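K.L.:
The listed protein sequences correspond, in order, to chains Y and D. Here the working numbering is used: the first residue of the first sequence is 36, the next is one more, and so on. Here the working numbering is used: the first residue of the second sequence is 762, the next is one more, and so on.
Simulated from the structure, these hints should not be mistaken for lab results. All figures in this text were calculated on a predicted structure; none of them were measured in a lab. Beta carbons: idealized from backbone N, C-alpha and C, even for Gly. There may be inaccurate statements among the hints.
[What the hints assert, rightly or not] Some, not all, of what chain Y presents toward chain D, calculated at C-beta under 10 Å:
1. Ala-88
2. Arg-124
3. Leu-128
4. Ser-198
5. Asp-238
6. Ile-262
7. Gly-382
8. Thr-385
9. Cys-407
10. Gln-408
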Amino acid sequence: MKKQYIQCRLITVTAVLAAFYAPYVWAHHPVSAKFDTTQSVTLTGRVTEVDWANPHTHIFMSVEDKSGAVKNWAIELESPIELEWGGWRPDTLAIGAVITVEGPLARNGTGQIWANSIIKEDGNSVFDLPDNILESQLGSRVEGPAPRWPDGHPRLGAEPGQSGYWSVPSQHSLVESGVSVAMDKHGILADIEDAANVAPFQDWARDLYVMRQQNFMKDDPLFLYCIPPGGPRMFQVPYGVQFLEQPIHQRVTVLMGGGNSNWRLIHLDGREQIGQVTGNDNNPLFFGRGLGRWEGDSFVVDSNGFNESFWFSNGGLPHTSQLHLIERFTRVDLNTLQYEVTIDDPGAYTREWKSAWTLLWVANKDLPDHYCQDNRP
Amino acid sequence: MLVPLLAVLGACSQSDESTTEQTESAVTQTTVVSADGPPRLEDGTVNLGPPPGSMGFWTANNGRLVNDPNNYEAARREMNSRVNIEDAPLQPWTLALTNYRQDTFIASEPYTRCKPAGGPRQIMSPYGFEIVQMPEMERVYILTVSNAMSYRTIYMDGREHPAEILRPTYLGHSIGHWEGDTLVIDTVGFSERSWTNRDGLPTTDKLHLTERLTRSSLNDMDYTFTIDDPGAYTAPWTSGFGVEWNADQEVFEYMCQENNISPAAMVGEGRLSIIVP
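Let the hints inform the model, and build the full structure from the sequences given.
P.N.:
Printed below as a string of structure tokens:
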């Protein structure tokens, strides 16, 4: 049963508890970015349409008020990918079905409501998801050592004849290693006073981070414009990543399951990713330019040449075009990929710092099919 | 209103100028490629990508589903299709909608709104595409530069299409196999949110598409497709065009949504604020 906690109501009581009671959704942004989660309403109406598309499923319903006037509402839900994982279907609700929806309203006053719960006339709840919907994709796991290429390097992908991808990040936002602060699944701090501890920010960067946090990250370009999650954020998105290794071309192609299903190339022969129509001069990229190499069992990617038009982390930590990343991917066993990133951005931080998390192997599946722009104008 | 729209369409329609440059150290081909045939992988399968040690990618050579004199680009671009529109088995509504789209300079084209598309639209993608063969995985991927810089997955492991397509997608569900030196791709499950071609010819979710890619040499590949869409056509029909190799260049990063101007011209002011996820 989906929790119907109202995040900010609890914040007025105890800040720490809010971290645990945020609505668990694996959206690409917190519900509070668009909806006022301090309040909740209940509406009853008839289903007029189901838009089963990414990034958010919408159910349209007609609600009649006391005077008999009918207003059309849009109910927002998680991605159809997750709903399907939870066993729901586009025809779960019939057109004309009467439903009761409870949830917060859109901040901008349009007729939109986020569904904390949807109850049919017969009293049954629909479209609820377990808290561990991502983990549910892992299936029953086989243990084992990391599979290897003939030359001894660990395989970043599946063994021959098999499929799989990496997901379920153990950490959902960027925080400096060794720092412990309470935050929810989207990286929203339980206590804004902890902001300065998250990373060695320069003052302007810390202030920008605080502002983004206090605005529920509503200005996140991933959320607003489907701008891609470059940098470490690529490895914290819910729908996973896949590495296509081509030894004959000395390159690794990284595929994303979320966002707009982007790809990026990492060469191991000293060449950088080429950028945009205008070539490479003065042309910073969203995914930067990465050079890859193996160091023992770790695949190391050294990247620079990032633009500033995206957010490089969940949680809203800033970066500048001076960003230089060193990412280390180490598959320690069949099911576990360790990711460690060194952030060297003298434009936003006072020194280099690191963060690290793990990704888990989702066996026998391919990346989910997701386009952030699907049902956007 | 039309001026900014045309400017955007112009930006998205470049197909013959290659503006990428190789600025990195020179990459030379270290594999000898037979003048008589395509490059091959070690096991003899045709290599649809670059020969090892080299770079390159594919662009359609002004490819179109049909040659259509009403096409909004007909005055300034050669149409390189094997079928003329008067010979394609269009239903009356199909032709009417195509003409309407051409008359409005395909203003409603989803591609301009950064929606990806599969099938012929993916192959016609102006800035080109690369085919990534992963034989150990039994997959082939097609990466595009524009087309939302996304990728198509082609399952080569012998599986069937799902019995039920719960959620039609932009690229559909593709399964593939080799017939000699031809990669044959079979796709169903297209969403009607995208156009599977650049010409405004409608396809419906009943489309069952068969594509055949045959690389005859390093530089040339034939793309032949059969559209079996009883929703839009009175019979299955086949067309195709040539695809050419751009040696010593590589697929590059491209973000359609970075500065996609003139949304109001595309969708109208009223649409913009209704649903913003």
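K.L.:
Find the hints from earlier in the document that the structure breaks and name them by number, from lowest to highest.
P.N.:
Violated hints (numbers, rising): 3, 5, 7, 8; every other hint is consistent with the structure.
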